[in-house]
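A.B. asks: Sequence:
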Amino acid sequence: MTRENRKMRLPRFARDTEGSVTLEAMIVMPILVLIFAACWVYFDVFREASVNQKANYVIGDALSRETDEIDDTYIDNSYKLLKLFTRTNDDLYEEGADDAGFSEGELYPTDLRITVVSYKDKNDKYSVEWSVVRGDPDPLTDSDLAGMRDRLPVLADAAQVILVETWDDYFPLFRVGLNAFPIKTYSFTQPRYAPQLLYASSTSGNNGWGNGDQDAPGNSLCNNNAENATDCDNTDGSYNNEPSWDDS
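Reading the sequence shown from the start, the letters are residues 348 to 595 in this note's numbering.
These aren't lab readings, by the way, just hints derived from the structure by calculation.
Check before you lean on any hint, since a few could be wrong.
Unchecked claim - Subject to a maximum C-alpha distance of 25 Å in a straight line, what follows is the list of computed SDA-like cross-link-like pairs (lysine to any residue):
#, residue 1, residue 2
1, Lys-472, Asp-504
2, Lys-401, Thr-532
3, Lys-531, Asp-437
4, Lys-427, Gln-400
To be verified - Computed Cβ-Cβ distance ranges for the label pairs, DEER-style:
#, residue 1, residue 2, range
5, Asp-391, Asp-419, 31 to 37 Å
6, Val-375, Ala-409, 47 to 53 Å
7, Leu-454, Tyr-540, 34 to 40 Å
8, Ala-384, Ala-503, 46 to 52 Å
9, Val-392, Asp-497, 23 to 29 Å
10, Leu-454, Leu-370, 25 to 31 Å
11, Ile-378, Ala-409, 21 to 27 Å
12, Phe-521, Thr-369, 21 to 27 Å
13, Asn-526, Glu-413, 37 to 43 Å
14, Ser-397, Met-376, 29 to 35 Å
15, Leu-454, Arg-434, 17 to 23 Å
Note that the structure is predicted; figures quoted are calculated from it, not measured.
For each residue, glycine too, the CB sits at the ideal point set by N, CA and C.
Given the sequences, and given the hints that come with them, work out the whole structure.
C.D. replies: Dropping the structure here:
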């Protein structure tokens, strides 16, 4: 082929609009399917995260409205509500199975932890009044609070806040640049109609009763001047959560 013929064919090739639909579809369709799957997965992640956060808010709001102590039945029902929101069944991970949890020994696909945190201005310290878990995580401790202080809200002296944490293991339907991971949410809510949220446990210690009864289960809180209050000095009643009015 001479150089002149080659120059003539190049413009002709550029002007040619003929093609094969089948061949073009074979090239384009895999790319379109991949883009669709990626968009669907990322949209579903945001949807699932929103559902988990809404479930967290519902549980926290319900707890903040309680004026009586809550018990294990209340916690169990809160856990059931969380699983209802996230559409999680009661099945557990099988040890050694391919769908096992993200940490060794993890069994539950959905976890709930409820903790009541108090603040003492005298010591500038956040303390765990009680913490209860449904699922794999351990109850929260004072040392855990020290490590997450930057996330804790600013509280008045002797005030309490309800911390609700949830974990929901998410497995993408399509593995398109995104592996399985836990969706974690947390929220802080202050008690609305009572100065504190009490937990009556039949198995653990501190239930925060604060009724001045030495026979009450657990250790009473510092902010109610109870006889069996521990780790506090409330001789002047400064930690009492009681309204005060001026004589004027």
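A.B. asks: The hint says 29 to 35 Å between Ser-397 and Met-376; measuring C-beta to C-beta, is that right?
C.D. replies: 32 Å, holds
A.B. asks: Check the following: the C-beta atoms of Ala-384 and Ala-503 are separated by a distance inside 46 to 52 Å.
C.D. replies: 50 Å, holds
A.B. asks: Need the status of pair Lys-531, Asp-437: alpha-carbon distance at most 25 Å?
C.D. replies: 19 Å, holds
A.B. asks: Is the Cα-Cα distance between Lys-401 and Thr-532 25 Å or less?
C.D. replies: 9 Å, holds
A.B. asks: Need the status of pair Lys-472, Asp-504: alpha-carbon distance at most 25 Å?
C.D. replies: 10 Å, holds
A.B. asks: Kindly confirm whether 21 to 27 Å is satisfied by the beta carbon distance between Phe-521 and Thr-369.
C.D. replies: Holds, since Phe-521 and Thr-369 (Cβ atoms, about 26 Å apart) stay within the stated range.
A.B. asks: Does the Cβ-Cβ separation between Val-392 and Asp-497 fall within 23 to 29 Å?
C.D. replies: Since Val-392 and Asp-497 have Cβ atoms about 26 Å apart, the given range 23 to 29 Å holds.
A.B. asks: Quick check: does the Cβ-Cβ distance between Val-375 and Ala-409 fall within 47 to 53 Å?
C.D. replies: Because 51 Å falls inside the window, the suggested range holds.
A.B. asks: State, for the Cβ atoms of Leu-454 and Tyr-540, whether the hinted interval 34 to 40 Å holds or is violated.
C.D. replies: 37 Å, holds
A.B. asks: Quick check on a hinted range of 17 to 23 Å for Leu-454 and Arg-434, using CB atoms only.
C.D. replies: 19 Å, holds
A.B. asks: Is 21 to 27 Å right for how far apart the beta carbons of Ile-378 and Ala-409 are?
C.D. replies: 47 Å, violated
A.B. asks: Given a hint of 31 to 37 Å, does the C-beta separation of Asp-391 and Asp-419 actually sit inside it?
C.D. replies: Holds, at about 34 Å.
Hints 10, 11, counting from the list given before, are not met by this structure.
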